[in-house]
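Each number in the working numbering corresponds to the 1-based position in the sequence shown with 321 added.
Heads up, a few of these hints could be off.
What the hints assert, rightly or not - Taking lysine-lysine pairs in the DSS-like style, the calculated list, with each CA pair at most 25 Å apart, reads:
hint: 1; residue 1: Lys731; residue 2: Lys358
hint: 2; residue 1: Lys544; residue 2: Lys459
hint: 3; residue 1: Lys459; residue 2: Lys731
Hints in this document: simulated from the structure, not taken from any laboratory.
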Amino acid sequence: MSNFILATAAQTEPSQLIMLPFAVLLLAVALLPVVLKRHWERYYHLVALFLAAVTTGYYLFGIRQPKRILHEAGDYIHFMALVVSLFVVAGGIHVQIRGRATPFFNCVLLFLGTIAGNVLGTIGASMLFIRPWIRVNKYRYTGLHTAFFIFLVSNLGGGLTPMGPPLFLGYLKGVPFWWIVQHCWLAWSVALLSLLLTFYLVDRHNFRRAPTIVGEEESGAGKIRIDGLRNIFFLAIILGALFVERPPFLREAVMLGAAVGSYFATPKSVHAANEFSFAPAKEVGWLFLGIFLTMVPVLDYMQLHARDLAIDTPAKFYWITGGLSAVLDNAPTYLSFLANALGRIDLSIENPAAVHEFLGSGKAEMVAISMGAVLFGAATYIGNSPNFMIKAIAEQHGMHTPSFIGFVLKFSLPILLPILLLVYWVILGG
322 MSNFILATAA QTEPSQLIML PFAVLLLAVA LLPVVLKRHW ERYYHLVALF LAAVTTGYYL
382 FGIRQPKRIL HEAGDYIHFM ALVVSLFVVA GGIHVQIRGR ATPFFNCVLL FLGTIAGNVL
442 GTIGASMLFI RPWIRVNKYR YTGLHTAFFI FLVSNLGGGL TPMGPPLFLG YLKGVPFWWI
502 VQHCWLAWSV ALLSLLLTFY LVDRHNFRRA PTIVGEEESG AGKIRIDGLR NIFFLAIILG
562 ALFVERPPFL REAVMLGAAV GSYFATPKSV HAANEFSFAP AKEVGWLFLG IFLTMVPVLD
622 YMQLHARDLA IDTPAKFYWI TGGLSAVLDN APTYLSFLAN ALGRIDLSIE NPAAVHEFLG
682 SGKAEMVAIS MGAVLFGAAT YIGNSPNFMI KAIAEQHGMH TPSFIGFVLK FSLPILLPIL
742 LLVYWVILGG
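Could you build all of it, start to finish, from the sequences and the hints given here?
Below is the structure:
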C-alpha cells in the first residue's frame, strides 16, 4: 500500500468541470448496456479509456499533481490483482448439483454462496454459483431466483470482509481487514436472515405451484459434487497475500502468481463445465480503470467541501450513500462518502493513519457508509458490477429475468426496502 500522504492544506482544488468525466462514465455504465447494448459491448473500453485520459491529463498538465494519479493507479493495481486472482480461482472450481431443489435446499445454496462471497469476492462467488443455481431450479426458474441471488450472493456476500467492491477499496485506504466483521456483523446477519426467510416463504409458494417432474432429475436430488478442489490451495495463498504490505506490489505478484498456477493446474474439463472465459474480468478491468482515475477529482472535492455538503449524521450517510449506490456503482460511491466523512474532521482519505483515527471516533458513520453501499448496491442492476453479469448469464440459459424497471418495482421496493429499513433500525436505533 502506498505511503503517499495527501496534504490537504497544500492540495489544489480541482475544477468542478473535471468531475464531469466521472458522471459521464457512471451514466454510460448505467444506461448504454440497455439502450445501445451492441455498441457498448464493442466500445466500452474506449469510452472508459478516453474519460480516464481526460482526468489524467488535467492532473498531470493542468494542476500538476501527478502523485494523485499515481496513487490511484497503484490502488487500481491492488484492486484488479485481487479481483482477477479470485475470479480465476473461482473459475477452476465446478459445483454440480443433481435434482430439483426444494425451498429449503435453495436457502442452503444461497447461504453457502453468500458465505463464499466473503472469501472469493462477490464476482468470484457469483460466477461459481450462478450456473448450479440455474440448473437446479430450471423447471421453475422465475425473476424471484435472479433477484434473490443478486441480493444475497452478488451483494450481501461482500458485506462482511473486504474481498470485493466496495469494501476492498476501503481496505486499500487503510480500513483494517477485520474491522467490518467486528462492527457490522449484526447488521449483516439481520439482512441475511431476513432475506433468507423471505425467500423461503415466497419460494415455497413457487415450489407448490410448479409441475412435478419425474425421472432422472428427481433421482439424487440435492446431491452436490465439487470438482477442482485443488484450487483451495491457491485460494489460501491469495488470502494470505492480503496481509503482505512490504515490499510494494509483492502482494499483487503473489496473488497473480497463484492465479496463473490455478489456471494451468485446473483441468480443461472444469473450465469447460464452468463456461469459463476472461470476458467478465476484462470488462471489470476496463471499467474500473476509468472509475479509479475519473473519481480522483470527486474524492478531492468531497474531502475539501465535506462541511458544505451537510451530510453530518450516520442516518444521512446510510441513506445518501445507499441511495446513490443503487443508481450508480456502489464502489466509487462508498469511497466518495468515506472521503466526505473524513473531510468533515479535516482528515485525508489518502492517509492510512488518518483513516485509523477516523475509525476511532466515526464508528457509526463508517458502519452506515459500509452497510449502505453494500446493501443498496443490490437494488438495481447497475448498483454493483456482478448484477448485470447474473442477468446476462440467466438469459443465456433461456431463463426469465426481470427488466430494469421490473426488478425495482417487483423486488427491490417491496422486498429489499423493508429489510433496508430494518437494518437502519438495528445499526442506528431508528
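Verification of the supplied hints:
Distance hint between lysine 731 and lysine 358 is fulfilled; the C-alpha atoms sit about 24 Å from each other, no more than 25 Å. Restraint check for lysine 544 and lysine 459: the C-alpha separation of about 16 Å stays at or below 25 Å, so the hint holds. Under the criterion of a C-alpha separation no larger than 25 Å, the hint pairing lysine 459 with lysine 731 is consistent with the structure, at around 21 Å.
Hint violations for this structure: none, all hints satisfied.
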